[in-house]
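*Asks:* Spelled out from the first residue to the last, the chains are:
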Amino acid sequence: MGQSEPRSQVSSLLSLTRQQQPRRGVLRKDAAAFKQRGWKLFHCRVSSFVGVHTPPRPSVLPGMSLHGSTARLSEARRVAIFGGTHGNEMSGVALVNLWIKNGADIQRRGADIKPFITNPRAVEKCVRYVDTDLNRAFTHENLSASGGDEFPYEVRRAQEINRMFGPKGSPEAYDVIFDLHNTTSNMGCTLILESSKDHFNLQMMNYIKKAISPASCLVLLNEHPLLKYSTSRSVAKHPVGLEVGPQPQGVLRSNIFEAMRVILKHALDFIELFNEGMEFPPCTVEVFRVSERIDYPRDANGNIIAMVHPNLQDCDWEPLNPGDPMFQTFDGKTIPYQGSCTVYPTFINEAAYYEKQQAFVTTRRETLAASGIRKA
Amino acid sequence: MEHVSLAPLSRVAICGGTHGNEMTGVYIVREMQRKKVSAAGSFSVTPVLTNPRAVDVCRRYTDKDLNRCFTDALLSSPVTDSTPYELKRAQELNAQLGPKGGKEAVDLLVDLHNTTANMGLCLIFYSLDWLTLHLLKYIQNKISSVPVRAIQLDIPLSDAYSLEAVGKHGFAIEVGPQPHGVLRADIFNVAKKAVDLTLEFIQEFNAGRTFEGGEVEAFTLVKSIDYPRDSSGEITAAIHPELQDNDFKLLRPGDPLFLSFSGETLIHEGEELYPFFINECAYYEKKVAFQLARKTTYSFPSVSVEKD
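Protein sequences, first through last, are from chains A and B. Going by the UniProt record's numbering, 56 is the number at position 56 of the first sequence; the sequence numbering is gapless. Going by the UniProt record's numbering, 250 is the number at position 250 of the second sequence; the sequence numbering is gapless.
With the rest of the complex left out, here is chain A:
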């Protein structure tokens, strides 16, 4: 059996990127292009920034003190890595199982890092969930409900996870939780942020983006009051979602697995450096802020009557302008996007979202300012 050299970290991520091809108005017809479905390298367009130009003063969170422009934060000692929150998203399942057997690669000075399978029953059956979506189950109502033998499996599991890694919102909660996910959408590597005021997470994400450059890793911010949801990672003080795609449910792709492994390596390196006292100066981070959920067109019985248009399919993070093709009916008619301004769609054609009435979400580009941080 052949023994290969360890793959260079950046090369595994670069293997996921390809040149951005002219997309709007160009239908891919040749077999070669059809075959090369994969990532697109997202090019920053400075001129289209919709963002903050004057960094605001960072707000002060509990456990944080402002010293000059550098916030002093408590050490990030208790860290967890969740896999299998959705049992058929295979990269996280494989990585966490690997690290449970042999955790050498995830050891870091100054931190206790625990790999954990959050939804073992769903993993065993290779389904997203058994009774209800675990990644929507961490609501205050669910976590505080008592009784429980008749509760859905995932609600009981959420309560258990909250006991082990929380309680959510309390000082005893874990410092950082990484939650590993895959998507059928062509999102590449995406970090998911739940609060624009989480300077620790912003600094971590900035560190990761720089570490993997020229490969890219985008940040999705979901702070939308209606579209935000109660994730398993939300139990921690600093929840970090990691979403890598495209990968079909139930399938393990080597390049996707390796990309996730590399991103986590850098994330844990950041935590180690932070815990050892390194100061991270103020920085800005480009994020895509969730704006609106767009459903498929449906008939009176709720059946979908059109598909994501070929021009939009796989074009996560690329600008969608008013008038651009959005859906295609089964007869081939085009339904255009009729929003009032350019948006950046993502989670385009995610398998699990058909039942959640979502064909894609729109986002707006924004620049967030992170204060400098240092361990207190």
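It is worth saying that the hints were derived from the structure and are not from the lab. Be a bit skeptical, because a hint or two may be false.
Said to hold, decoys possible - Below, computed lysine to any residue pairings styled on SDA-like, alpha-carbon distance capped at 25 Å: (1) A:LYS356 - B:ARG59; (2) A:LYS265 - A:ASP295; (3) B:LYS36 - A:ARG298; (4) A:LYS125 - B:ARG59.
Said to hold, decoys possible - Here chain A is said to cover these stretches of chain B; the calculated rule only asks that three of the stretch's residues, wherever they fall, bring their Cβ under 8 Å from a Cβ of chain A: (5) 184 to 191; (6) 238 to 251.
Everything numeric in this text was worked out from a predicted model, so none of it was measured. Where is the CB? At the ideal position from N, CA and C, for every residue including glycine.
Since the structure of chain A is already known, use the hints to place chain B on it.
*Replies:* Positioned in the frame of chain A, the structure of chain B alone reads:
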């Protein structure tokens, strides 16, 4: 080769949802049902949603893989209360569209499938008869957006286990890559075109047109290869990045097959063969990482419909 005359085709079935999460077939059949498609000139067309229970829950199957239930033995096994849903359904479909091997069976049964493997468009047959070879050629000549290939399963009819064996002529149309549970417009469009071309061919054939003979390549299944596993049966490697998405690219000894989680490359040893169904989601439980085929060229004669 001498010209061959064949009987006209009068009944065609277009099937989808045999695996409930393979969305292209589900939606093509639903659209045909919505539009009440029942005839195309000289022959009848019946769209059939074959596994409605699995379609409802968007899973491959509920009890048992429907597309493994059509062997002669399973079709004639007695039905009891504990018979799996799909086995009962197979017998129902055999009564409706067959019986398999019988005179009353539909003339042509086309079953629509998707795969997570990068296989483009494949027509999967048991027997390469003249009609199916001509259909393959006809579709290959008219679809250029994706590669169109033929896969032959060299299995005697009695052991043939999948739905298309029920028709007098039959093949599966397998299109990928598409994740299960996802409906991609580009995949839908190409599969629909293949169905339309099939019906167009039959129409022209029944009307008396002569189709010239020729040659076509097909891939004949030789064997399946499983993932490397540990002692508890868990997989220890993923399909190597250089094999992933390279369905039908010739595999030579020394070419990488798997990349283990610890970074080792496992290579191909043995004869040169063509891999396909590389990293098909549904095959993990069947212990298949990919399948291997040999390429054969078939000649076929010109054909036209029998005149009374």
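*Asks:* Does each hint hold? Answer for all of them.
*Replies:* Status of the hints after comparison with the structure:
no., hint, in the structure
1, A:LYS356 - B:ARG59, "holds, 17 Å"
2, A:LYS265 - A:ASP295, "violated, 36 Å"
3, B:LYS36 - A:ARG298, "holds, 19 Å"
4, A:LYS125 - B:ARG59, "holds, 12 Å"
5, 184 to 191, "holds (count 5)"
6, 238 to 251, "holds (count 6)"
Violated hints amount to a single one, hint 2; each of the other numbered hints is respected by the structure.
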